[in-house]
Amino acid sequence: MKHMMHMKRIFIAGHQGMVGSALVRQLTEQPGVELVLRERAQLDLTRQAEVEEFFQSEQIDQVYLAAAKVGGIHANNTYPAEFIYQNLVIESNVINAAHQNNVQQLLFLGSSCIYPKQAAQPMQEAALLTGSLEPTNEPYALAKIAGIKLCESYNRQYNRDYRSVMPTNLYGPLDNFHAQNSHVIPALLRRIHEAKVNQDESVTIWGSGQAMREFLYVDDMAGACVHVMSLDKEVYQSFVLPMQSHVNIGTGLDCSIRELAESIKDVTGFSGCLTFDSCKPDGMPRKLLDVSLLKRMGWEARTDLRTGLKQTYDWYLQNESNLRL
Numbered sequence: 004m005k006h007m008m009h010m011k012r013i014f015i016a017g018h019q020g021m022v023g024s025a026l027v028r029q030l031t032e033q034p035g036v037e038l039v040l041r042e043r044a045q046l047d048l049t050r051q052a053e054v055e056e057f058f059q060s061e062q063i064d065q066v067y068l069a070a071a072k073v074g075g076i077h078a079n080n081t082y083p084a085e086f087i088y089q090n091l092v093i094e095s096n097v098i099n100a101a102h103q104n105n106v107q108q109l110l111f112l113g114s115s116c117i118y119p120k121q122a123a124q125p126m127q128e129a130a131l132l133t134g135s136l137e138p139t140n141e142p143y144a145l146a147k148i149a150g151i152k153l154c155e156s157y158n159r160q161y162n163r164d165y166r167s168v169m170p171t172n173l174y175g176p177l178d179n180f181h182a183q184n185s186h187v188i189p190a191l192l193r194r195i196h197e198a199k200v201n202q203d204e205s206v207t208i209w210g211s212g213q214a215m216r217e218f219l220y221v222d223d224m225a226g227a228c229v230h231v232m233s234l235d236k237e238v239y240q241s242f243v244l245p246m247q248s249h250v251n252i253g254t255g256l257d258c259s260i261r262e263l264a265e266s267i268k269d270v271t272g273f274s275g276c277l278t279f280d281s282c283k284p285d286g287m288p289r290k291l292l293d294v295s296l297l298k299r300m301g302w303e304a305r306t307d308l309r310t311g312l313k314q315t316y317d318w319y320l321q322n323e324s325n326l327r328l
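Position 7 (the sequence shown) corresponds to 10 in the numbering used here; numbering is contiguous.
Hint data in this document are derived by calculation from the structure and do not stem from the laboratory.
Careful, some of the hints might be misleading.
Said to hold, decoys possible - Straight-line distance between alpha carbons at most 25 Å, and here's what the computed DSS-like set of lysine-lysine pairs gives:
1) LYS283 <-> LYS268
2) LYS298 <-> LYS236
3) LYS120 <-> LYS199
Unchecked claim - Pairwise CB distance ranges, derived in the manner of DEER restraints:
4) VAL36 <-> SER205: 44 to 52 Å
5) VAL238 <-> LEU132: 23 to 31 Å
6) LYS152 <-> VAL238: 21 to 29 Å
7) GLY272 <-> TYR161: 49 to 57 Å
8) LEU234 <-> GLU204: 47 to 55 Å
9) CYS258 <-> GLN45: 39 to 47 Å
10) GLU32 <-> GLU303: 13 to 21 Å
11) TYR88 <-> CYS258: 51 to 59 Å
12) LYS152 <-> SER241: 20 to 28 Å
13) GLN19 <-> LYS313: 21 to 29 Å
14) ARG12 <-> ARG50: 20 to 28 Å
The structure presented is a predicted model; accordingly, all values stated were derived computationally and were not measured.
C-beta atoms are modelled at their ideal positions from N, C-alpha and C, and glycine is treated no differently.
Could you build all of it, start to finish, from the sequences and the hints given here?
Here you go:
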């Protein structure tokens, strides 16, 4: 009689968010995988005792740490204490409990905002901790840097295999389309769609439109995460340094906010004109990741911006009535 194959029990922390749900879609297709998922009402990751009890009882083999408090410039500026505290607590609880319960493999998801405000473009992994951060999201960025260093510290002291990935700006299904707290793509998609519905003649966009940004479709992000985690430990370690173990995830391509807005106008079918208010701030002139390390690891983005915007808009139309707007 053949032995039953051991199912790898994978905990996705934050499975209901945009990134976590994309990871669920990716990992559901993997053979030999059993996903372990908990809603916040079942498991509050900011509560240390709850997290420790969960790991003690569930025999987890692998963790994807996608849970985080996230938001745009307005949200980061308005709630800096919540952004640093909640992110520090979540990552500390999950990473330490994973270690205490002998979980050997973990992937921590960070953000490209970890890099200095004046980092050379495109931003390489080695730029981390070489300068001051962008003030508007410094608390969030510091929490994410701490998560990277937590993983590296457990690797150095206990020989764990805890890896970190730093995605560029993400978008896609389940994005946050809130009027004040959303990122640029969902914010523009919503505003330009509503302008079309209202038959407005124009939409005014903050800034000159000249700022350059990189965008990655969230299902590509999930695919990159699974690819990075699938590499043998020795192979992964051959690409990274013990105290510089994170990997950038992006497309390696950027576009101006004006070009982005024109693409969204095209995708939504808005017939009015777009105007740009150059009295409003642009933010960083450019924010592009160097993804050469990821390419050497054998992965490249698959979804072009136009295709990703169309898929995101289709999802928005199907779910508009249920969204918190």
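Any hints from earlier that this structure breaks? Give me their numbers in increasing order, please. Hints 3 and 11 are the ones this structure does not satisfy, whereas the remaining hints hold.
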